[in-house]
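Peer 1: Using the hints provided, position chain B relative to the given structure of chain A.
Protein chains: 2
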Amino acid sequence: MSTVSSLDISDIRFPTSRELDGSDAMNPDPDYSAAYVRLRCDDDSQGDGFVFTIGRGNEVVVAALQALAPLLTGRSVGGPHELAETSRALLHDSQLRWLGPEKGVMHMAIGAVVNALWDRQARAAGAPLWEYLSFLSPEELVDQVDFRYLTDALDREQALDILRAAEPGREQRAGLLRAQGYPAYTTSPGWLGYSDEKMIRLAEEAVAEGFTQIKLKVGADLEDDVRRLKLAREAVGPDIRIAIDANQRWDVEDAVTAVQRLAPWDPYWIEEPTSPDDILAHATIRRQVGPVKVATGEHGQNRVIFKQLLQAGAIDILQLDSARVAGVNENLAIILLAARFGVPVCPHAGGVGLCELVQHLSMFDYVAVSGTQEDRVVEYVDHLHEHFADPAVVRGGRYVTPTAPGFSARMLDASRTRYAYPDGAAWA
Amino acid sequence: MSTVSSLDISDIRFPTSRELDGSDAMNPDPDYSAAYVRLRCDDDSQGDGFVFTIGRGNEVVVAALQALAPLLTGRSVGGPHELAETSRALLHDSQLRWLGPEKGVMHMAIGAVVNALWDRQARAAGAPLWEYLSFLSPEELVDQVDFRYLTDALDREQALDILRAAEPGREQRAGLLRAQGYPAYTTSPGWLGYSDEKMIRLAEEAVAEGFTQIKLKVGADLEDDVRRLKLAREAVGPDIRIAIDANQRWDVEDAVTAVQRLAPWDPYWIEEPTSPDDILAHATIRRQVGPVKVATGEHGQNRVIFKQLLQAGAIDILQLDSARVAGVNENLAIILLAARFGVPVCPHAGGVGLCELVQHLSMFDYVAVSGTQEDRVVEYVDHLHEHFADPAVVRGGRYVTPTAPGFSARMLDASRTRYAYPDGAAWA
Chain A
45 MSTVSSLDIS DIRFPTSREL DGSDAMNPDP DYSAAYVRLR CDDDSQGDGF VFTIGRGNEV
105 VVAALQALAP LLTGRSVGGP HELAETSRAL LHDSQLRWLG PEKGVMHMAI GAVVNALWDR
165 QARAAGAPLW EYLSFLSPEE LVDQVDFRYL TDALDREQAL DILRAAEPGR EQRAGLLRAQ
225 GYPAYTTSPG WLGYSDEKMI RLAEEAVAEG FTQIKLKVGA DLEDDVRRLK LAREAVGPDI
285 RIAIDANQRW DVEDAVTAVQ RLAPWDPYWI EEPTSPDDIL AHATIRRQVG PVKVATGEHG
345 QNRVIFKQLL QAGAIDILQL DSARVAGVNE NLAIILLAAR FGVPVCPHAG GVGLCELVQH
405 LSMFDYVAVS GTQEDRVVEY VDHLHEHFAD PAVVRGGRYV TPTAPGFSAR MLDASRTRYA
465 YPDGAAWA
Chain B
45 MSTVSSLDIS DIRFPTSREL DGSDAMNPDP DYSAAYVRLR CDDDSQGDGF VFTIGRGNEV
105 VVAALQALAP LLTGRSVGGP HELAETSRAL LHDSQLRWLG PEKGVMHMAI GAVVNALWDR
165 QARAAGAPLW EYLSFLSPEE LVDQVDFRYL TDALDREQAL DILRAAEPGR EQRAGLLRAQ
225 GYPAYTTSPG WLGYSDEKMI RLAEEAVAEG FTQIKLKVGA DLEDDVRRLK LAREAVGPDI
285 RIAIDANQRW DVEDAVTAVQ RLAPWDPYWI EEPTSPDDIL AHATIRRQVG PVKVATGEHG
345 QNRVIFKQLL QAGAIDILQL DSARVAGVNE NLAIILLAAR FGVPVCPHAG GVGLCELVQH
405 LSMFDYVAVS GTQEDRVVEY VDHLHEHFAD PAVVRGGRYV TPTAPGFSAR MLDASRTRYA
465 YPDGAAWA
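Quick note, the sequences are listed as chains A and B, same order. Going by the working numbering, the final residue of the first sequence carries number 472, and the count climbs one at a time with no gaps. Going by the working numbering, the final residue of the second sequence carries number 472, and the count climbs one at a time with no gaps.
Hints should not be assumed to be uniformly reliable.
No distinction is drawn between identical chains; accordingly, a pair holds when it is met within one copy or between any pair of copies.
Said to hold, decoys possible - Calculated lysine to any residue pairs in the SDA-like style (CA-CA distance at most 25 Å, straight line):
#1 K242 to R222
#2 K242 to D190
#3 K337 to T195
#4 K337 to A356
Hints were generated in silico from the structure; no laboratory data involved.
Chain A extracted, bound-state conformation (with noise of 0.2 Å):
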């Protein structure tokens, strides 16, 4: 039995507007940061979540974490069962639920508890998540996912369908995964603020690393984007892919431009051609400018949306997010539909923590629901891990599987006090 008896709230910022990385055509100057929650419990154990943003407005997140512990404290908290139930409590408080409804902070604040409440579960079962997951009974694991809006794509028993299907070689898939890791690829060389010189060295020593596949930011300007495409694909040949991404800069006509005159140098998928929020556009996207295939999700700001993308033939990879949507639970639907309509899930990371997290998940996918690891890979961006207890480790173009027990959610002390905002040392 274990019951929450308080949440420690804190918001953490990391100056990195000051080198540009994390640079794109829609966020030039982020600072990363995170709205931090560590849950407490009466039994000392803990369990740690956030979520990411790029700077100002850190504060409202944090603010709408407050407003959660009032439903928090005090709530039994020992179990897949009691856990699902206070995913459900929180999504379903009648008064919050009007802030979204199911999106924006107040929806991305709820995301970071239940990763928290996660975070805390497989660490009390000694166990990392994505192997706390995969050895969950299918029953327990759809007893997590909210089907309301969702019947109409999948409901329970398809949902069994699909997890039962995966059974009988989970043992072996995670043996494989502890021994040879997951698929990576990386954003590292293509943010925009870069120069020429720095995108092609970035991207020769990626492809020296091991990856096959490295990201280009791409919708400042269709000229710079064409002449940044052909250096990378000179330099990494033609057998390395690489995505671009336009992180919503584009509306329907301009992105299919866009692609089409970038086509030539083979980009594998375009990333975030338009708004979030726009099924229909994505589709008519994606009619167009086949081979090059359509990806977005890291906005998607619930299972709704993903359910459309896929109903719509909107997307050809599905991009989640492990601290957008309301937390493993909610990603547990969105993994879920991904199978039952055959789409890869390629998730977003990068950010604060994010490729910590998100890695769970995608192994979590390989072992017990898509059970192929085909097309399938995992962004990383190789900056801010150092701040991390259990940090995620790239080698070869693979993320190494992770053995400590919980979510990889834990910041080290030292930064959460060094980077506090606005009192920390780095903000003096």
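Peer 2: Below, chain B without anything else, positioned relative to chain A:
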């Protein structure tokens, strides 16, 4: 020249859950609330705006308003051009945008500020907002609109064409409006928490007062819904329109089953049958429940959702809300989209101050965009108006056209003090 000097932000809550006013299938016990902002300028002009919430979490919206203060203080806001620029500056702040993008708490807070700027602008011009807006030039109006993500359905030239086509009759329609007001319908009889007797009595009173449309809440229990709709139909007779509102309670199949079951009592529209994010579900439901009309929009997060609802043929009735999207500017986009697709706008209202605000938008729609009141009605709920300096007035089933300068947004100081949360006398 007018420059923002300060924002006075407050957390105001009315303990409406004590009476079950406002109770529906998703919101059993709302405390109608406002995250309220008063902009003060260096020339002593002021503007008021707010986000409507239903209680818990109102403080999160307050935090979001506070996050906007540094972007506003010192800005010049003295005319439509400056107002358009300020709206864009708030929406395009890349760091704050991450918190949506363009949805949820942060977006609603931006809406409150933008609405406050329009209140200030109309008050400074000495005109009620509907009139001030109606006689801006088509070019000034389209300059207010952010066409990003809209151009596959509506571009600047098409919007100009709509406005220019409506120019000739503006004076005449404004005169009719001043003389006759604008059609209203009432939700006051239909709250789920009311007894059958109270519902019937209020429905009969509504008809006696001149309303030609009422609305009932449904969605908690289908047998209750059937009984209540039958009783209401018997009470008001065949010529009064009865809308029903499920407040997002259903999945697709539930919605179709329920509406078909209720159809013998001739519901006029089914409102919010399912998730407000689910464009495809609304389209599917609409194909199966005709001739009952499908209506949604009060939780439509932004113009991109409305664009898709129209593109997909998912709605018969567009129910914009004055205080959920990014204020007057985004609602101009939504009104123009509705006109482009020939779908009537019947706004959501009620809550705290939503009737006060939204009447101006429908009146503007009539004078300067659609040019008609046919099948158009603005929701009316008869509570909390006494807290406003320029309260909405409905007589004979029609909104009385406002004549006082501004957006009717200003809450009385005595009310702001008494209902301040948690320290006002009402909460002591």
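Peer 1: All hints, please: hold or fail.
Peer 2: Results for each hint:
1. K242 to R222: neither (34 Å within a copy, 65 Å between copies)
2. K242 to D190: This pair counts as neither: shortest intra-copy Cα distance 45 Å, inter-copy 35 Å.
3. K337 to T195: between (27 Å within a copy, 23 Å between copies)
4. K337 to A356: Intra 15 Å, inter 23 Å, cutoff 25 Å: intra and inter.
In this structure, the earlier hints numbered 1 and 2 are contradicted, and the remaining ones agree with it.
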